[in-house]
Every structure is written in structure tokens, then in C-alpha cells.
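**Student:** So the chains spell out like this:
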Amino acid sequence: DTEVTQTPKHLVMGMTNKKSLKCEQHMGHRAMYWYKQKAKKPPELMFVYSYEKLSINESVPSRFSPECPNSSLLNLHLHALQPEDSALYLCASSQISTLGNTIYFGEGSWLTVV
Amino acid sequence: GIQVEQSPPDLILQEGANSTLRCNFSDSVNNLQWFHQNPWGQLINLFYIPSGTKQNGRLSATTVATERYSLLYISSSQTTDSGVYFCAVEGRSGGYQKVTFGIGTKLQVIP
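Heads up: the sequence lines are chains A and B, in that order. Counted the way the working numbering counts, the first sequence spans residues 1 to 114. Counted the way the working numbering counts, the second sequence spans residues 1 to 111.
No lab work stands behind these hints, which were simulated from the structure alone. Be aware that one or more of the hints could be misleading.
Unchecked claim - For the chain B half of the interface with chain A, some residues (derived, Cβ under 10 Å), not all of them: (1) Leu-13; (2) Glu-15; (3) Leu-32; (4) Arg-92.
Said to hold, decoys possible - Label-pair ranges, simulated between beta-carbon atoms: (5) B:Thr-66 x A:Arg-63: 39 to 47 Å; (6) A:Ser-59 x B:Tyr-69: 26 to 34 Å; (7) A:Asn-57 x B:Ser-75: 39 to 47 Å.
What the hints assert, rightly or not - To give an idea of the chain A side of the interface with chain B (calculated C-beta under 7 Å), a few residues: (8) Val-12; (9) Met-13; (10) Met-15; (11) Ala-39; (12) Pro-42; (13) Pro-43; (14) Glu-52; (15) Gly-100; (16) Asn-101; (17) Thr-102; (18) Ile-103; (19) Phe-105.
Keep in mind the model is a prediction, meaning the values are calculated, not measured. Ideal Cβ placement from N, Cα and C applies to all residues, glycine included.
If we strip away everything but chain A, and leave its shape as in the complex, we get (with noise of 0.2 Å):
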């Protein structure tokens, strides 16, 4: 079983609409990413959060905005999304090292924008 949660696991949204995905980690990570998954492609890096700051963004449109209350928890807010947004949203969790750090995949929150 994961230990990475993320919910909701399907959400469907207007463009006008405003919604969240969640996740959440009890493994005392310090690291937390969201990554973006498109039909047929590999996932794609968006955000890391280090010690619950924003430590890179990979250009990623304002119409995504993330947020780290805590050391356990991420948020992705979603506003005035565009169909081609509709794609699989994967959370993830890592310790934090210079040497290398293993990556833990939540099962994803699969995002359709009508």
C-alpha cells in the first residue's frame, strides 16, 4: 500500500471552477513534489517543497498554485484551468540528501477540465 495519500482520486471541473488536490505523507518526509502526467508520456516535475518552502518551480503556469501548510500535507489549487490541463497529478515524498533521494508516488488524481 502507498504511503503517500492523495485525494480526490477523479475530479472533473468547469474552467470557471475552483478546486484543490490534496496529499498527505506520515513517513516524516521533508520533501514533497507534484508531478503532472499526461496520456502516453512520462510524469513531468511541477513543484518541490524543502522543509515546507518552494524550492523549485518548473515555469508552471499561475493557474496552478501549490501550497505546504505543514510537514505532511500538500496542496495544488486549481483556477481557470484549460481542457489541455486534464492530465493524471501525481503527489510524491522523499527525505532530503545530497546523495540522492528515493521517490514515493501517490496513486494520483486523475483531472479531466470540461
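Position chain B against the provided structure of chain A, taking the given hints into account.
**Tutor:** This is chain B only, laid out in the frame that chain A set:
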């Protein structure tokens, strides 16, 4: 950034057959992981293997860091092995925590 190439892109196996998946990477790595993505989208850790050889049941992996490649061996394949296998690397330069995925190998095991 680091480039990751996987081969073959697609693979169809008869149940019980063996296979080798390859991952080439363009720079030194701090970390290399193999994942299996099931049809429901979940990425399952198979191996953390920046160097050396590891085995877990019917699966084993070898990374030769000096030659910048890793191999994933699947023996006596089963239909439940179907899915996409990704190699993901964390480069030593260009910022840690930036994990880059290869395009994956889509495996179909037929009865």
C-alpha cells in the same frame, strides 16, 4: 539537463518469457529508480539502484554508473507484470531533487 533514454519502447511477451529493459543516461547520477506504473496510474517503486545489482523475486536490476546505463530483468513474466516501466534519475549536476523520467517501456504479457 540530464537525458534519459529507455528501450525498447514497446514489448510483448508470452507468459513465462524473460526480458531485459534498458535505461541509458547522459550524466552522472545521485539516484536511479525503476518504477512500474499499473493501469490505474500508480507508480510502484521497484528498485533504488544508483549502482550495483539488486534482486527482488523475479525482478533484478543492474546499474553500471561508470558506463551510464541500467538494466531491469524480468524473469518468468506474468500477466500482472503488464504496464509501463519507467527509469527515473536524479542528476548529480543541475540541481538535486530534479528527477527526470525516461519515456518508459510499455510491456504487455499475454497468456
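**Student:** The structure should be examined with respect to each hint, and the outcome stated for every one.
**Tutor:** Checked hints:
no.: 1; hint: Leu-13; verdict: violated, 20 Å
no.: 2; hint: Glu-15; verdict: violated, 24 Å
no.: 3; hint: Leu-32; verdict: holds, 9 Å
no.: 4; hint: Arg-92; verdict: holds, 9 Å
no.: 5; hint: B:Thr-66 x A:Arg-63: 39 to 47 Å; verdict: holds, 44 Å
no.: 6; hint: A:Ser-59 x B:Tyr-69: 26 to 34 Å; verdict: holds, 30 Å
no.: 7; hint: A:Asn-57 x B:Ser-75: 39 to 47 Å; verdict: holds, 42 Å
no.: 8; hint: Val-12; verdict: violated, 16 Å
no.: 9; hint: Met-13; verdict: violated, 18 Å
no.: 10; hint: Met-15; verdict: violated, 23 Å
no.: 11; hint: Ala-39; verdict: violated, 10 Å
no.: 12; hint: Pro-42; verdict: holds, 4 Å
no.: 13; hint: Pro-43; verdict: holds, 5 Å
no.: 14; hint: Glu-52; verdict: violated, 14 Å
no.: 15; hint: Gly-100; verdict: holds, 4 Å
no.: 16; hint: Asn-101; verdict: holds, 6 Å
no.: 17; hint: Thr-102; verdict: holds, 5 Å
no.: 18; hint: Ile-103; verdict: holds, 6 Å
no.: 19; hint: Phe-105; verdict: holds, 4 Å
The structure fails hints 1, 2, 8, 9, 10, 11, 14 (numbered hints given earlier, in ascending order).
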